[in-house]
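K.L.:
Single-letter residue listing:
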Amino acid sequence: MSALITITILALLLLYLGLFKAKKALLPVALIGLMVALVLSLMEWDSNAAPIFSNMMLYDRFAVAFSGITIFLTILIIALSKDYFERISSNVAEYYALILFSLAGIILMVSYHNLSMLFIGIEIMSVSLYILAGIKKRDFASNEAALKYFLMGAFSTGILLFGVTLIYGASGSFDLEGIKQYILKDPTAVSPLLYTGITLLIVGLSFKVGAAPFHFWVPDVYEGSPSLISAYMSTVVKVAGFAAFLRLIMFSFAPLQDFWIPMIIGMSVLSLLIGNVTAVYQQHFKRMLAYSSISHVGYMLFAIIALNGSSDNAVFVYAAAYSVATIIAFGVLILLQGQVGNDSFDSFNGLARKNPFLALTLTIAMLSLAGIPLTAGFIGKFMMFSKALSSYHIFLVVFAALNAMIGIFYYFKVIVAMYFKEEDRKELIVPVYFKLVLGFSALVTIALGVYPDFIASLI
Amino acid sequence: MLFTVLSGLITSGLFIPFGKYFRTKWGAVIAILPILLFCYLLQFIPVISTGITLYESYEWVPSLHINFDLRLDGLSLLFSLLITGIGSLIFIYASSYLKGHSYLDRFYGYLCLFMASMLGIVLSDNIILLFVFWELTSISSFFLIGFNNDHADSRKSAITALSVTGLGGFFLLAGLILMGSIAGTYSIGQLIESASIIKNHELYPIVLGLVFIGAFTKSAQFPFHFWLPDAMKAPTPVSAYLHSATMVKAGIFLLARFTPILGGTSAWSYTLMIVGGFTMIYAALHSLFRTDLKAVLAYSTISALGILTFLIGIGTQEALIAAITFTVVHALYKATLFLTTGIIDHETETRDLSKLSGLRKVLFPVFIAGTLAALSSAGMPLLFGFISKDLIYEATLHSEQHLALYLTIAAVLTNVCLVAAGFMAGIKPFLGNLPQQYEKVHLPDQSMWIPPLILALLGLAFGLFPAVAGYFIVSPAVTSMSAETVNAHLQVWHGFNTVLLLSLVTLALGSILFLYNKPDSRKLTLLVPLNKVSPQNITKKLFKKFVNFSAWYTNIMHNGFLRSYLLKIIIFAEALLAYELFIGGSIYIDYTQLSPISIYEAVNVLILIAAVGLTVTTSSRLTAVVGTSAIGYAICLMFVYYSAPDLAMTQFTIDTLTVVLFVFVLFNLPSFINQANNKIIIRDSIVAITFGTLLSIIAIKVLQVPTDITISEFYGQFAYTLAKGKNVVNVILVDFRGLDTMFEIVVLSIAALGVYSLIRLKLKSSEKD
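Residue numbers (our numbering), protein chains in the order written: chain A, 1 to 459; chain B, 1001 to 1769.
No lab work stands behind these hints: they were computed from the structure.
It is possible that some hints are incorrect.
[Claimed, not checked] A few chain B residues that don't get close to chain A, going by computed Cβ distances all over 10 Å:
id, residue
1, G1100
2, L1203
3, S1269
[Unchecked claim] For lysine-lysine, the following DSS-like pairs were computed, each having C-alpha atoms within a straight-line distance of at most 27 Å:
id, chain 1, residue 1, chain 2, residue 2
4, A, K426, B, K1156
5, A, K421, B, K1679
6, A, K354, B, K1540
7, B, K1679, A, K148
8, B, K1701, A, K185
9, B, K1701, A, K421
10, A, K82, B, K1544
11, B, K1199, A, K421
12, B, K1701, A, K180
[To be verified] Computed footprint of chain B on chain A, listed as stretches where at least three residues anywhere in the stretch have a Cβ under 8 Å from a Cβ of chain B:
id, region
13, 207-217
14, 434-443
Even glycine gets a Cβ: it sits at the ideal position worked out from N, Cα and C.
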């Protein structure tokens, strides 16, 4: 809980720092504040947590783990923002504050115990992001991304609220425990309203995580937004959306599996297929990352399809692996866009000769995203596959295996360009902050891949 | 054993910081690693040959049941000796072959990684651990194939190889996890114990299929074989090591390892016999048409892998002995042939068989090595190849009665072709007259020609004393594949029998074929018509189709128009809601509970419908805005009729405000162009009407549910008694939830302040954007 308070105060503090023109202090203060928040949140690790604030929130292990990972990822992303916002505008305090406000919303999203808190969390997060997507005011792509994101987001929020209302209508409660008790009373005779409510809620949340067929905004928004914000959206926001999704289903709707499993299977298959089909065709790194992020949602949905006690952990591992690797990819992308001005695959040619360090970290990231052993991505895929197979969803896994192969194809395009294609190019200048973040993320990816034990049974 | 696996991994990791010191001639120093490992493994031979299996276990990821369990039995010892033994020679050979290459350190790094992963595969006692190393071999092979990276071809073949083996890898992973969840363990030892459970499980065929795809892709079995000839773009030492002697045998190793777990059923035997049998004949025939030395070797390697699969499929004890013996024989002679090819390529800069001749005069020791290897491959008596050929024929002859004849014919046919292919690769370049342009060719460094000679002489040594190999290597390996202890008596002389006759016929026919089959690039054109149906071509076409489809799909579905996205999403939402309503049970309307419809309501609804009609048909924006406001006011009236004045007031205010705002921006909008044609209008109206209908049905459903009115009852009951107010809604707002209202007012005031300051804000001209 103290993490939420720390982050909110930190955001306000940054606004004041901006007001008093202490621009140099913004980044260090934000980083230190977030680290404090991270430590505070980890200190609340407690297996017997009880709901707080009139049952509004529950800061259990699930919540601690997911707020921990989202804060951690935000630290990495903010560290990459060194000199990034300054290129857009001279008033940068707002950008930091907005990121932190959205993070506050995210903490709510992963620790809610009441549907109203879920809604508030999603809105706090989304409203900040609508602005962040459009911070490049003179860039048409950024404007378009912000508007699309806003309209689609508003649309999905409407659906979500409709769902919440219907669930309240059926069960008479916004409380996760209350809804669960209502369902458990007689799972076969719940009100038909509840089914409609669950459907709408699932649709609304699928929007937020970008699961097909509610993914249409994803590529356009990720591509149009400033890369740093895209990195934030495709990692922290996605993880949070997924955590909220999982929490809802694990807590309340588990007894009604037969109803929603077909829906989720359909979404998972579509996400895998669409994400890969569209990613193969892309010639630009950023678009490829955007499209392929849809397919990763498909894998993560496996944990919901085979719901049991360890689903949360599987999602946690997968999300952590995916996010850390994605941050590396976006870090390199930011450098490339800033110094080469292009992010086509050809602009990676010969990178290994000039920037061996960048090439190595990016290779590790791509291996992890493709799910190759000894990287964190493999452990994630392994856990997802074994989850799906433990409930004998064999064809789903075979389908996923085919898709993973396609994934190898486009992720390795980058590696081929960096290592096998020679081209005379200038060395990219890598600032210290980038070196730290990229190196650290690559180390984490390898460490989780080589020694995943402590994370594999965390929650 | 842990050290055996990890040393290579650690060494390859150390190349990242310290690689630059090994780019020079010091590179050869690194060969000490495989040599040491080879010597270390040699000392286990006496222990293992008594039938003992050594285990080592370290905790790794206990929560996922993946532990660093290692086992050393006959099978793993045989393979690890091959890996480290041939590896040592390859390391030495490569130091001369790639002398002066600017990335020599990277090459050794990949090679160490590969060797360690390969050792990991054969020593694992945990199938997931095995898989981890399995994938690592694919990755290191990817980097090694792409090592000669200045050609687009070699990049393409690297990624083809990785895609094919990667696909197989993921299928294998699925199969292994499934097998693990059926048996409840990932340990190979325990899996063997629960073999009957797995074999009788209803999912056994699926497990088998998934594991087979993994093994077939790795071991280049038809129809996945096409990546292997492509992979020959790699430097020759790599081809010799990975794509002939070791990595491609990982699939064979997997089949051998799983023989006691999955083997023995008819599904197992027939699939392997058919796939292996077809591959061996298909590839053997293909090898005859090639003129590139490495292509000949590639196809004969595929054929040899087919033979191994085929033998494991037959599955009798004789067949397994033959398979193990042939593995060793093949590794020895094929690596030799690759290395001699490498020398020829290195010195003459061509691998075209129609140009090469007479090289014995300048490369004599290489000629000896090549000839010995070719003869071994042909099954000449007194060489190791002879023994294995005998064993193969024995295995086919003694297989099931009704199959024996066909299997034997297939084996003879394959071997005849392989004899010719072997002669072509090992002897042909050295025969005949030396062309003028090659007269200056000279023998390379010793470190290049000694390794193939050692391998070739080993083939001779084992051929002379086969019993040694039989007792120390083959028997323990076969024992670990079967339930009981096996003693393989390998001997040179079996007496005059059918097998000997077959061997001699094969040798004779093969030699005749060699003499008449002159290398000629025109032969390849004969195969062109067949290319259309070759798996490689089909895969290429499929992939092209897939990319085209992907382009088409992306352009259609992700066209960037928000309206088209919304349309698609609404259609999907409709589908979901329809599904939900469909399984949600029947819908009925209880008319008795509804109040009668008055004339005011009827008129109001008519106005509403008219307004909707106006809004969707008008071509003027202003009219549409007015139309929507009319809809809004009609709904207000509805609220009024059903005595909800507060709601009506709210709706009324909001609607007015919306219209006003709309009129404000109306002037700034671009002029209205109606781009919709009839088709689009019909499509949109269908989608819209369906959505409306579905939501109406949901609304009707809401009516069916008895409402929980405890809360409204509470307020109704206490509004007057506690708060002395007669309007319940007002009491709720200002009394029961007074604090909420207060904060709402605060929020509104802050927003108003913000608006005010924005209006007052005078931007500097520089900031106006």
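K.L.:
The structure should be examined with respect to each hint, and the outcome stated for every one.
P.N.:
Verification of the supplied hints:
no., hint, verdict
1, G1100, "holds (17 Å)"
2, L1203, "violated (7 Å)"
3, S1269, "holds (23 Å)"
4, A/K426 - B/K1156, "holds (26 Å)"
5, A/K421 - B/K1679, "violated (49 Å)"
6, A/K354 - B/K1540, "violated (34 Å)"
7, B/K1679 - A/K148, "holds (26 Å)"
8, B/K1701 - A/K185, "holds (21 Å)"
9, B/K1701 - A/K421, "violated (63 Å)"
10, A/K82 - B/K1544, "violated (43 Å)"
11, B/K1199 - A/K421, "violated (48 Å)"
12, B/K1701 - A/K180, "holds (22 Å)"
13, 207-217, "holds (count 4)"
14, 434-443, "violated (count 0)"
Hint violations for this structure: numbers 2, 5, 6, 9, 10, 11, 14, all remaining hints satisfied.
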